[in-house]
Amino acid sequence: MSEQKLQVYNTLTRKKEDFEPLNPPFVGMYVCGPTVYGDAHLGHAKSYVSFDLVLRYLRYLGYKVRYVQNITDVGHLVGDGEEGEDKLGKQARLEQVDPMEIAEKYTYTYFRDMDALNVLRPDIAPRATGHIPEQIAMIEKLIKNGHAYNADGNVYFDVHSDEDYGKLSGRKTEEAESGTRVESASDKKNPADFALWKKAEDDHLMKWDSPWGVGYPGWHIECSAMSTKYLGESFDIHGGGLENQFPHHECEIAQSECAHDAQFVKYWMHNNMVTLEGQKMGKSLGNAINLHQFFTGEHKLLTRAWDSQVIRFFLLQSHYRSTTDFSEDALEAAETGLKNLHSMISTIEKAENGSGESFDIEGFKTSFEKVMNDDFNSAKAIAVVFEKLKELRKSINDQKTPSNIEEVKSVIKTVVDDVLGIWPQENAGGSEELTKGLVELLIEIRKEARENKNFALSDKVRDDLKELGVQLMDGKEGTSFEID
RNA sequence: GGCGACAUGGCCGAGUGGCUAGGCAGAGGUCUGCAAAACCUCGUACGGCGGUUCGAAUCCGCCUGUCGCCUCCA
Numbered sequence: 067m068s069e070q071k072l073q074v075y076n077t078l079t080r081k082k083e084d085f086e087p088l089n090p091p092f093v094g095m096y097v098c099g100p101t102v103y104g105d106a107h108l109g110h111a112k113s114y115v116s117f118d119l120v121l122r123y124l125r126y127l128g129y130k131v132r133y134v135q136n137i138t139d140v141g142h143l144v145g146d147g148e149e150g151e152d153k154l155g156k157q158a159r160l161e162q163v164d165p166m167e168i169a170e171k172y173t174y175t176y177f178r179d180m181d182a183l184n185v186l187r188p189d190i191a192p193r194a195t196g197h198i199p200e201q202i203a204m205i206e207k208l209i210k211n212g213h214a215y216n217a218d219g220n221v222y223f224d225v226h227s228d229e230d231y232g233k234l235s236g237r238k239t240e241e242a243e244s245g246t247r248v249e250s251a252s253d254k255k256n257p258a259d260f261a262l263w264k265k266a267e268d269d270h271l272m273k274w275d276s277p278w279g280v281g282y283p284g285w286h287i288e289c290s291a292m293s294t295k296y297l298g299e300s301f302d303i304h305g306g307g308l309e310n311q312f313p314h315h316e317c318e319i320a321q322s323e324c325a326h327d328a329q330f331v332k333y334w335m336h337n338n339m340v341t342l343e344g345q346k347m348g349k350s351l352g353n354a355i356n357l358h359q360f361f362t363g364e365h366k367l368l369t370r371a372w373d374s375q376v377i378r379f380f381l382l383q384s385h386y387r388s389t390t391d392f393s394e395d396a397l398e399a400a401e402t403g404l405k406n407l408h409s410m411i412s413t414i415e416k417a418e419n420g421s422g423e424s425f426d427i428e429g430f431k432t433s434f435e436k437v438m439n440d441d442f443n444s445a446k447a448i449a450v451v452f453e454k455l456k457e458l459r460k461s462i463n464d465q466k467t468p469s470n471i472e473e474v475k476s477v478i479k480t481v482v483d484d485v486l487g488i489w490p491q492e493n494a495g496g497s498e499e500l501t502k503g504l505v506e507l508l509i510e511i512r513k514e515a516r517e518n519k520n521f522a523l524s525d526k527v528r529d530d531l532k533e534l535g536v537q538l539m540d541g542k543e544g545t546s547f548e549i550d
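In my numbering, each residue's number is its place in the first sequence (first place is 1) plus 66.
Everything labelled a hint here was simulated from the structure, so no lab data went into it.
For every residue, glycine included, the Cβ atom is placed at its ideal position computed from N, Cα and C.
It is possible that some hints are incorrect.
[What the hints assert, rightly or not] Distance windows between CB atoms, simulated: (1) Gly420 with Ala449: 22 to 32 Å; (2) Gly236 with Lys479: 55 to 65 Å; (3) Ser421 with Arg187: 14 to 24 Å; (4) Ala449 with Ser424: 20 to 30 Å; (5) Asp275 with Thr432: 55 to 65 Å; (6) Glu506 with Thr369: 29 to 39 Å; (7) Glu170 with Glu428: 40 to 50 Å; (8) Gly212 with Arg80: 24 to 34 Å; (9) Asn518 with Met539: 15 to 25 Å; (10) Asn406 with His226: 17 to 27 Å; (11) Gln465 with Ala445: 49 to 59 Å; (12) Ser393 with Ala449: 18 to 28 Å; (13) Lys207 with Glu309: 20 to 30 Å.
Kindly generate the complete structure, drawing on both the sequences and the hints.
And the structure:
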């Protein structure tokens, strides 16, 4: 581990702080997961790729991380605050299926798309509907502590009972009340109070018994209840999208700290948005491009399909706290860049220990860790990788392969594969050997053609192979090839 | 209206008080039957106006512009 400590930007204090876990080497990390009522889009990718990098880097540093990411399958309402329809309920009505079928379907597509982006699975992915008793217990505790009240089956958190309310978002409750356009529900004591439990109408699809009658939990309480269950009353990192800072995370803090009388989270991390022509990409704005659409190219704003790994690389090229402006031109630049990176890796992987000077592995690691320690600066980390790999490729090309190349390979693999998650993907399994054999055969034929000055034939071999995605390269040591 | 960000060369995108980010695209060259790849060389950017400083793209103020949150949203 490097001398310089990991620094994390904490939204709570609005500055970078040294990262010191509550119980080292253990780290508890909770990230707000998706509401599973539709396919994940590029915005989700930015968030989960960002926190995937955080997770991977913490593990690289040797921390034992427990990563919890919830699946929201109830309580998230459509439209104006307290009066809207449940998102899953609505989608269930539209698709004419049970809400749990919706949850199942979009949980599946969510993980399918995240897998494609090489996002590691959370250690625990708890569902809100699977933790109704925990949520009820927490609400009861809040009522008992005088922080919540029952208004005829609706239970609200009393914002005025919590002096700290607003500390994350820097908001005063008075401002929130006067500035808001939301009409306050009539049974609330204060307009800023938020629902912990909602009374269910007869036609409501998802509902449970509770001490306050039949109903369903509010959106915020699930994260408090589930994070407490799996990470304890206090834990290290809570992540999520910037737009969740208020009200969602503010409410989580209020609920948890009033229920437990302990600091809820030490480090709050928020990723920035993905924009499309300067506008936030979001479901409600109708400009979101689903990840699956990127992978297949089936979207009116896309001219073609994009490899999932290119999307990941593209996102990692900007910092998680910066907005990422999407365009196909930018994606294309990322695609070419990634291809070049993979080409360098392939050259290095083929190299064997040589007579050159040994490569400064510690220097490489130090540079990498230095930039990653600065609040996970993946953009700079990628720059470091490019610089060092170029250096290595040059020494190999000059027949001065470092004497410690095997060791170097292993470090590169750790950095590029384990941490950044952008290692070249393996070609389709069983036919790989066959493909290689066939291409080598064609290279042999082309070589004979060239020796006979039959350039028409040799060019046909090369050009037709290129059509198929196989690039031939003539070098001093003979012809080599790369498959896209 | 309240709160908060950001404004970097053709594009994307880091960044620090003084020294080359990086990627993509582009130009010239070496190599090659021709290519491709690789290698070498090349751009001297930081919204505007003031201020602090020996020196600011980097600190402060004002202005302009863009965006986010304040209502569900990664």
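Results for each hint:
no.	hint	verdict
1	Gly420 with Ala449: 22 to 32 Å	26 Å, holds
2	Gly236 with Lys479: 55 to 65 Å	43 Å, violated
3	Ser421 with Arg187: 14 to 24 Å	44 Å, violated
4	Ala449 with Ser424: 20 to 30 Å	23 Å, holds
5	Asp275 with Thr432: 55 to 65 Å	58 Å, holds
6	Glu506 with Thr369: 29 to 39 Å	35 Å, holds
7	Glu170 with Glu428: 40 to 50 Å	49 Å, holds
8	Gly212 with Arg80: 24 to 34 Å	31 Å, holds
9	Asn518 with Met539: 15 to 25 Å	21 Å, holds
10	Asn406 with His226: 17 to 27 Å	58 Å, violated
11	Gln465 with Ala445: 49 to 59 Å	33 Å, violated
12	Ser393 with Ala449: 18 to 28 Å	21 Å, holds
13	Lys207 with Glu309: 20 to 30 Å	29 Å, holds
Hint check: violations occur at hints 2, 3, 10, 11; the rest are consistent with the structure.
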